[in-house]
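Number of protein chains: 2
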Amino acid sequence: MSNMNKQILLKSYPEGEPTAADFEIVETAVPTPGDGEILVKTIYMSLDPYMRGRMSQAKSYSASAQIGDPMMGGGVGVVEQSNNPKFGVGNYVMSYPGWQQYSLTDGTGVMKLDPGLAPISTAVGVLGMPGLTAYFGLLKIGQPKEGETVVVAAASGAVGSVVGQVARIKGARAVGIAGSADKCAFVVEELGFDACINYKDADFAEQLAAACPDGIDVYFENVGGKVFDTVMPLLNDFARIPLCGLISQYNATSLPTGTNFLPALMRDMLTKRMTLRGFIISDHYEHLADFLRDMGGWIASGQLKYREDIVEGIENAPEAFIGLLKGANFGKLLVRVSDDPTRN
Amino acid sequence: MSNMNKQILLKSYPEGEPTAADFEIVETAVPTPGDGEILVKTIYMSLDPYMRGRMSQAKSYSASAQIGDPMMGGGVGVVEQSNNPKFGVGNYVMSYPGWQQYSLTDGTGVMKLDPGLAPISTAVGVLGMPGLTAYFGLLKIGQPKEGETVVVAAASGAVGSVVGQVARIKGARAVGIAGSADKCAFVVEELGFDACINYKDADFAEQLAAACPDGIDVYFENVGGKVFDTVMPLLNDFARIPLCGLISQYNATSLPTGTNFLPALMRDMLTKRMTLRGFIISDHYEHLADFLRDMGGWIASGQLKYREDIVEGIENAPEAFIGLLKGANFGKLLVRVSDDPTRN
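Protein chains in written order, with my numbering: chain A, 43 to 386; chain B, 43 to 386.
Hints are computed from structural coordinates only; laboratory data are not their basis. All figures in this text were calculated on a predicted structure; none of them were measured in a lab. There may be inaccurate statements among the hints.
Identical copies carry no separate label here, and so any pair may be met within one copy or between two of them.
Said to hold, decoys possible - DSS-like, lysine-lysine: derived pairs with alpha carbons at most 30 Å apart:
| id | residue 1 | residue 2 |
| --- | --- | --- |
| 1 | K101 | K187 |
| 2 | K347 | K101 |
| 3 | K53 | K314 |
| 4 | K212 | K128 |
| 5 | K212 | K187 |
| 6 | K182 | K212 |
| 7 | K368 | K268 |
| 8 | K314 | K182 |
| 9 | K314 | K368 |
| 10 | K314 | K187 |
| 11 | K53 | K154 |
| 12 | K101 | K268 |
Modelling step: build the complete structure from the supplied sequences, incorporating the hints.
Have a look at this one:
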């Protein structure tokens, strides 16, 4: 075991798009667990769009990241030292290590993982927060009925890929939106969506309309911006819009000018009697047991597939994160911080 | 019985604010009921903001009014002739006569009224569509909990007055918004709201914030525009926004320009995990029995009060309707088309 702990600190709150200069890589001594604490060695760090929201002093649903602290976030690791009877050395765990090689925790919110049941990396992906976000938002807010049309953007990503596949399992039609022809091909051919449209195509709006001949009953919103504007006219009466993210807006430094579309949205919400509901998955962990049971079954039966995009080395996390906000990843984005002994 | 039927026809689709020139008063022969039909003599016509939406060819939740037809709408009347065994001559009924003195119907959607239970005019007011709109929107979408703060605009009107009083009955704090000091005084002193703010006051935003020291948990939206902009920053996490109307926007001919506030709304919906749901009460008539039972009880016990603003004579309906869209009415707006024999 190394005696040093490589960490990636937040150096400054970015104005607009984060750059490498907003992060700082340092090495500190590996900490020693106190009473009741465990020392976790990070294997995978999860990179997720919501982290951009923390890199700001704007009021939001969770505290801002502090300048000079490691970036926060979930991850998967192995217990190296334990002063807590609930965790033994060698246990694999999902915890909130932040962007560093070693972290301490008193075990709050830490989940033990069984590598025999599923690859440990899935605990921060398809079987973790992104998967639960998709499951809860689609089934509890979107409530797709058989034969309805569900549209989701970032369709090859951690959340979107699950939304479309679960929609299909429930008998709905799934239409994805993604940022490249490769991603769209994967979404249709590997994940089994009924269609997938590249939002970068000049005729995106026409293609989307053609892929949704009966309109859109559920739009799972995780991007905002131009994609939302294009979806709006296609929404059916009584459409449901679960809203879990707005990745296209996270780097915005000011509101756009021109036409104010707020009154148009309100008018559509009224005349089409639609429901728009924002949610953050940490408010809904009571659905975890149902989720793990259902998702575990769908993965085991081959009905639900997932793709990981694994970046090697903690040093590359800032660049990977900056790319994530631009859609550069292809699948659930992870950073491998140390070897995964459970993977061949 | 007169042999002529005075009608108010839609003459043109208004551009912006309707004017007297968009209506035409004509007299035609009183029609004769066919097999299964009844002839209803109108006593009260209901004037409601939603009617502005019908005076347009824009796609909406119901068909446009046709040029040359009588304006549509609900009303209360008495059966003058009957070829339908379900209705006897002299029965009082709530029906959809449109803006005219006499109308035919086969009885579909027509409700017999018992003048001994409540004044017949209430069948298009507190015990009718506006009351049910308030009841359903507040209780099924807003779901106020004890001690929460409910805000409603047009607080002295047919819908708003019920929203605030039912909120108080359910143990919530009720804050109204209205367009004059007189209306606000009535809302607080007669209806028992905790506070009421005049949106025409220069310091409206400051007054509203002061009246909602714990923020807003339910905003019952029926006006839109500036009031919504002022409410937005005060909304709490997990706020619910039932949306049943946007009266401030009905006469708008184009979208405003300047800053586009749509992304700001979406960001707020996400970070505060709020729910916005548009609804039209005709989709929810299955709640009518519960509504009549609860409201009937609250009115009988004096817990729920209502105010009517009665304009005399069908000829004055266009002017009264134009005024309604500007907030000129004070209470539920009715036109008395013929004598009400049940009222002293």
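Original post:
Which of the numbered hints are not met once you compare them with the structure shown?
Top reply: Checked against the structure, the hints that fail are numbers 2, 4 and 11, while the rest are satisfied.
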